[in-house]
Amino acid sequence: MSMILECKDLYKKFGKKKALENINLNISRGRIVGLLGPNGSGKTTLIKICNELLNPTSGEIHIGGHKPGIETKKIVSYLPETTYLNDWMKVSEIISFFKDFYSDFNTEKAYDMMKRLKIDPNDKLKTMSKGTKEKVQLILVMSREAQLYLLDEPIGGVDPAARDYILNTIISNYSEDATVILSTHLISDIEQILDDIIFIKEGQIVLTKTVDEIRDEEGKSVDAVFREVFKC
Amino acid sequence: MPWDLNSDRPIYAQLIEQIELKICSGDYALGSKLPSVRDLAQVAAVNPNTMQKALAKLEEDGLVSTHRTSGRFVTEDAQMVNETKNKLAHSQINEFLEKMKSLGLEKDEIITRIATILKEDK
Chain B
128 MSMILECKDL YKKFGKKKAL ENINLNISRG RIVGLLGPNG SGKTTLIKIC NELLNPTSGE
188 IHIGGHKPGI ETKKIVSYLP ETTYLNDWMK VSEIISFFKD FYSDFNTEKA YDMMKRLKID
248 PNDKLKTMSK GTKEKVQLIL VMSREAQLYL LDEPIGGVDP AARDYILNTI ISNYSEDATV
308 ILSTHLISDI EQILDDIIFI KEGQIVLTKT VDEIRDEEGK SVDAVFREVF KC
Chain Y
390 MPWDLNSDRP IYAQLIEQIE LKICSGDYAL GSKLPSVRDL AQVAAVNPNT MQKALAKLEE
450 DGLVSTHRTS GRFVTEDAQM VNETKNKLAH SQINEFLEKM KSLGLEKDEI ITRIATILKE
510 DK
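Here the protein sequences line up with chains B and Y, keeping their order. Residue 272 in this note's numbering is what sits at position 145 of the first sequence, and the numbering runs on without skipping anything. Residue 479 in this note's numbering is what sits at position 90 of the second sequence, and the numbering runs on without skipping anything.
Please keep in mind that the hints were generated in silico from the structure rather than gathered at the bench.
Where chain Y lies over chain B, by a calculated footprint (3+ residues, C-beta under 8 Å): (1) 294 to 302; (2) 314 to 324; (3) 338 to 346.
With a Cα cut of at most 30 Å, we get these calculated DSSO-like pairs of lysine-lysine: (4) K236(B) <-> K175(B); (5) K251(B) <-> K217(B); (6) K446(Y) <-> K347(B); (7) K194(B) <-> K135(B); (8) K488(Y) <-> K347(B); (9) K260(B) <-> K242(B); (10) K336(B) <-> K446(Y); (11) K253(B) <-> K200(B); (12) K236(B) <-> K260(B); (13) K446(Y) <-> K476(Y); (14) K226(B) <-> K253(B); (15) K236(B) <-> K422(Y); (16) K347(B) <-> K474(Y); (17) K201(B) <-> K257(B); (18) K347(B) <-> K411(Y); (19) K476(Y) <-> K347(B); (20) K490(Y) <-> K347(B); (21) K358(B) <-> K145(B); (22) K144(B) <-> K328(B); (23) K200(B) <-> K144(B); (24) K135(B) <-> K175(B); (25) K260(B) <-> K175(B); (26) K140(B) <-> K328(B); (27) K474(Y) <-> K488(Y).
Computed from a predicted structure; not experimentally measured. Don't be surprised by glycine CBs; every beta carbon is placed ideally from N, CA and C.
Take these sequences, add in the hints, and give me the full structure.
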């Protein structure tokens with residue numbers, strides 16, 4: 128089957144600073160991929176380029192065969208690192224907003240997940256804690272039936288119990304057509320659910336392997352290998 | 390309850406062991422239908438592709454088999470399950486003996502100690 132995400136010789140500079148350097152990636156469908164790297168390594172820059180929030184300095188990027196743009200936004204569900212929802216809206220209002228916006232949005236699924244995480248649809252966003260807001264946002268993103276989910280730090284701010292539920296949601300949402308790419312540095316929490324990992328360091332990809340390859344070859348967890356590769 | 394998996398060995402290999410264990414213990418009875426890959430992955434809290442890989446290996450070994458359209462089943466071959474049980478027991482005992490050796494215990498001593506503990510248990 129065709130690749131869902133392809134990057135070829137991708138560069139991104141901010142002034143003189145190189146944020147991404149020579150990124151070459153091919154990610155197939157039906158995978159759960161961890162984009163792992165320390166702070167400032169280029170994870171968010173790469174994800175933003177995928178969403179056309181940044182333009183590459185040079186090189187090519189294709190998602191489902193298209194350059195980032197209107198066509199790719201139909202098939203990509205994106206969780207940014209910051210919140211962008213209107214504070215004065217109720218959860219139920221935001222859900223209808225999303226339903227209007229995305230034809231692949233599954234309202235029933237959204238309400239179901241809100242219920243599981245004990246979020247009242249009549250609550251306004253303004254009244255919620257930071258962690259609860261993050262949960263709402265992630266539920267909205269996972270309620271789309273997209274082909275590519277790009278999750279920028281999806282589990283950073285939520286408690287361990289909700290984390291388990293979220294990881295479970297990612298596994299149970301799994302389909303052979305859809306790929307999930309998630310960036311995080313909470314590796315030990317997620318390595319069991321990943322197929323592949325991408326280590327990114329100072330804007331360059333230093334390692335791409337499957338989790339079991341790493342464990343087979345190194346006899347260590349991905350978490351332990353990460354600590355070695357990125358030792359300060 | 391997610392399955393107990395440790396972090397330094399390949400996940401699929403550990404899934405194979407856990408399923409073998411469940412078959413030997415009768416949790417998954419002879420000839421019974423296994424849950425779907427998706428359900429198993431969710432219970433174990435692992436990636437569905439990894440679970441798929443583990444089941445494919447078990448199938449290769451003959452411990453489970455796929456019947457088109459109706460799903461995956463545990464073998465009906467009691468002999469084969471018995472062999473698996475022996476294999477698992479063997480590797481557990483070896484692991485235990487290694488640990489005892491590293492504590493500096495001799496073979497005879499290990500056996501005496503086990504006998505004492507088993508007696509106390511009764």
